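Chain by chain, the residues:
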Amino acid sequence: MSDHKPSDRRRTSGGGIEEIDLNLLPFMNLMTLLIPFLLASVQFVTLAVIDSSLPAIGQPQPSDKKKEDEKPPLNLTVGITDEGFTVAGSAGVLGCKSGGGDDDKCTVIPLKGDPAYCADTQCRGDSACRPDPACHDYKALHELIVQVKEFDGDGDGEFDYIEEQNVIIAPNADIAYSVLIGVMDATRDYKPEGAPERKDLFPYVVIAGGVK
Amino acid sequence: MPKRRSGPEEAKLNITSLMDIMTIILVFLLKSYSTEDIQIAPSDDLRLPVSSSSKPPQLAVNTVISKVGIIVDGVKVVDVSGGVVGDEYKRGTLIQPLFDTLKEKADEAKAIAEARASVDFTGRLLLQIDRDIPFALVREVMYTGGQAQFAEFKFVVYKGSE
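For the protein sequence lines, the chains are A and S, in the order given. Just so it is clear: in the first sequence, position 89 is 89 by our numbering, and no numbers are missing. Just so it is clear: in the second sequence, position 54 is 54 by our numbering, and no numbers are missing.
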């Protein structure tokens, strides 16, 4: 078996075959130089970016042409507080009182007191971090947003807010940045049942000042 | 050094299996070789959050908000302690040293854009923020960036599996 590599073939007993003694030293030199250099430039973590823009300077709306005002704009707003999420908007599924306003809290998603869930979302495999006992419930938020996107209030077979792409996120002053990223992830896209690809939910994020 | 000459005692070191391992490692490393425009310096003070986003980063003004300070393009601009910038550096919501640095960068970029027709001033700011920084500081930095004419913010995150 060791005979199969050319570098290993030695003179057989039959004679007439020269001994091939491959000098592997130069090759070894190359390896010793190349491998540390490549190790230094290997990418173990991939970076990605999330777009956002200031609320006052240009709404990043994909299409500016509005239909003949068939439906009022959704104005989906996700407030992030210490006690959970507050989702507001003009969609029927959110259960908002008509008229809106600051007291129109609509749906509130409280914190989830599941240690396993918190360990997974807050630490994401990082062994050094200690998760909080109760953390924000991104899963419930994601499900609610999917319900809003797939809401068909007027029964015409089409989702009412299929063209809405904006979401306003309003965190409180002391909310950690990772929670904001988690909310952006929950509202960006989703995988409908039985569909092969992910579809957009509300990918354009506008970050508002928040409720102090 | 492996003995290649056969002396009175033939002790040949067979390094072909080592070569096989090296070749495989080399192929793997060549596959994951990449040149990335933006540099991140991972440290305990800067732990980016994980996200499901998959947009690749583009070159822009690099602003890092770590647990110890705000650094713009490698130069530390102001200190951060306990997730807050000291009040002596702020004018309301604006962080003065950061505003000065960003305004300089914006002016430079605009001058370049005027000189060369192919380059536009994009007003793009790359934000690398540690995951535990409170939103108040993020908002102050975004406001300061906006005042310095940077309207497009790109939050840099680690690409997580979804």
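Incorrect hints may appear among the rest.
Claimed, not checked - With beta-carbon atoms standing in for the labels, derived distance ranges:
no.	chain 1	residue 1	chain 2	residue 2	range
1	A	Lys199	S	Gln96	26 to 36 Å
2	A	Ala208	S	Ser32	32 to 42 Å
3	S	Ile24	A	Ile20	17 to 27 Å
4	S	Gln96	A	Gly194	18 to 28 Å
Stated by the list, open to error - Chain A residues, not near chain S, derived (Cβ > 12 Å throughout):
no.	residue
5	Asp21
6	Leu22
7	Cys118
Said to hold, decoys possible - BS3-like mimics (lysine-lysine), calculated; alpha carbons at most 30 Å apart, straight line:
no.	chain 1	residue 1	chain 2	residue 2
8	S	Lys76	S	Lys103
9	S	Lys55	S	Lys105
10	S	Lys55	A	Lys199
11	A	Lys139	A	Lys199
12	S	Lys105	S	Lys159
13	S	Lys103	S	Lys55
14	A	Lys199	S	Lys159
15	S	Lys31	S	Lys67
16	S	Lys76	S	Lys105
17	S	Lys103	S	Lys67
18	A	Lys112	A	Lys199
19	S	Lys90	S	Lys103
20	A	Lys139	S	Lys105
21	A	Lys139	A	Lys112
22	A	Lys112	S	Lys159
23	S	Lys159	S	Lys31
24	S	Lys105	S	Lys67
25	S	Lys159	A	Lys139
26	S	Lys103	S	Lys31
27	A	Lys191	A	Lys139
28	A	Lys112	S	Lys67
29	A	Lys191	S	Lys55
30	S	Lys31	S	Lys76
31	A	Lys112	A	Lys191
32	S	Lys76	S	Lys12
33	A	Lys139	S	Lys55
34	S	Lys159	A	Lys191
Simulated from the structure, these hints should not be mistaken for lab results. Since this is a predicted model, take the numbers as computed values, not measurements. Glycine included, every Cβ here is placed at the ideal spot set by N, Cα and C.
Here's how the hints hold up against the structure:
1. A/Lys199 - S/Gln96: 26 to 36 Å: 44 Å, violated
2. A/Ala208 - S/Ser32: 32 to 42 Å: 40 Å, holds
3. S/Ile24 - A/Ile20: 17 to 27 Å: 23 Å Cβ-Cβ, so the 17 to 27 Å window holds.
4. S/Gln96 - A/Gly194: 18 to 28 Å: 55 Å, violated
5. Asp21: A/Asp21 is in fact no farther than 12 Å from some Cβ atom of chain S, at 7 Å.
6. Leu22: Given a closest Cβ separation of 8 Å, the condition is violated.
7. Cys118: 14 Å, holds
8. S/Lys76 - S/Lys103: 15 Å, holds
9. S/Lys55 - S/Lys105: 25 Å, holds
10. S/Lys55 - A/Lys199: 15 Å, holds
11. A/Lys139 - A/Lys199: Cα-Cα ~17 Å, so holds.
12. S/Lys105 - S/Lys159: Distance ~28 Å between S/Lys105 and S/Lys159 Cα, so the pair holds.
13. S/Lys103 - S/Lys55: Distance of about 27 Å is within 30 Å: holds.
14. A/Lys199 - S/Lys159: 18 Å, holds
15. S/Lys31 - S/Lys67: 34 Å, violated
16. S/Lys76 - S/Lys105: 14 Å, holds
17. S/Lys103 - S/Lys67: 23 Å, holds
18. A/Lys112 - A/Lys199: 26 Å, holds
19. S/Lys90 - S/Lys103: 16 Å, holds
20. A/Lys139 - S/Lys105: 40 Å, violated
21. A/Lys139 - A/Lys112: 10 Å, holds
22. A/Lys112 - S/Lys159: Measuring from Cα to Cα gives roughly 25 Å; hence the hint holds.
23. S/Lys159 - S/Lys31: It holds: about 19 Å lies between the C-alpha atoms, which stays within 30 Å.
24. S/Lys105 - S/Lys67: 23 Å, holds
25. S/Lys159 - A/Lys139: 19 Å, holds
26. S/Lys103 - S/Lys31: At roughly 41 Å apart (the allowed maximum being 30 Å), S/Lys31 and S/Lys103 break the hint.
27. A/Lys191 - A/Lys139: 13 Å, holds
28. A/Lys112 - S/Lys67: 27 Å, holds
29. A/Lys191 - S/Lys55: With Cα atoms ~18 Å apart, A/Lys191 and S/Lys55 stay inside 30 Å; holds.
30. S/Lys31 - S/Lys76: 35 Å, violated
31. A/Lys112 - A/Lys191: 23 Å, holds
32. S/Lys76 - S/Lys12: 57 Å, violated
33. A/Lys139 - S/Lys55: Answer holds: A/Lys139 to S/Lys55 is near 22 Å, not above 30 Å.
34. S/Lys159 - A/Lys191: 18 Å, holds
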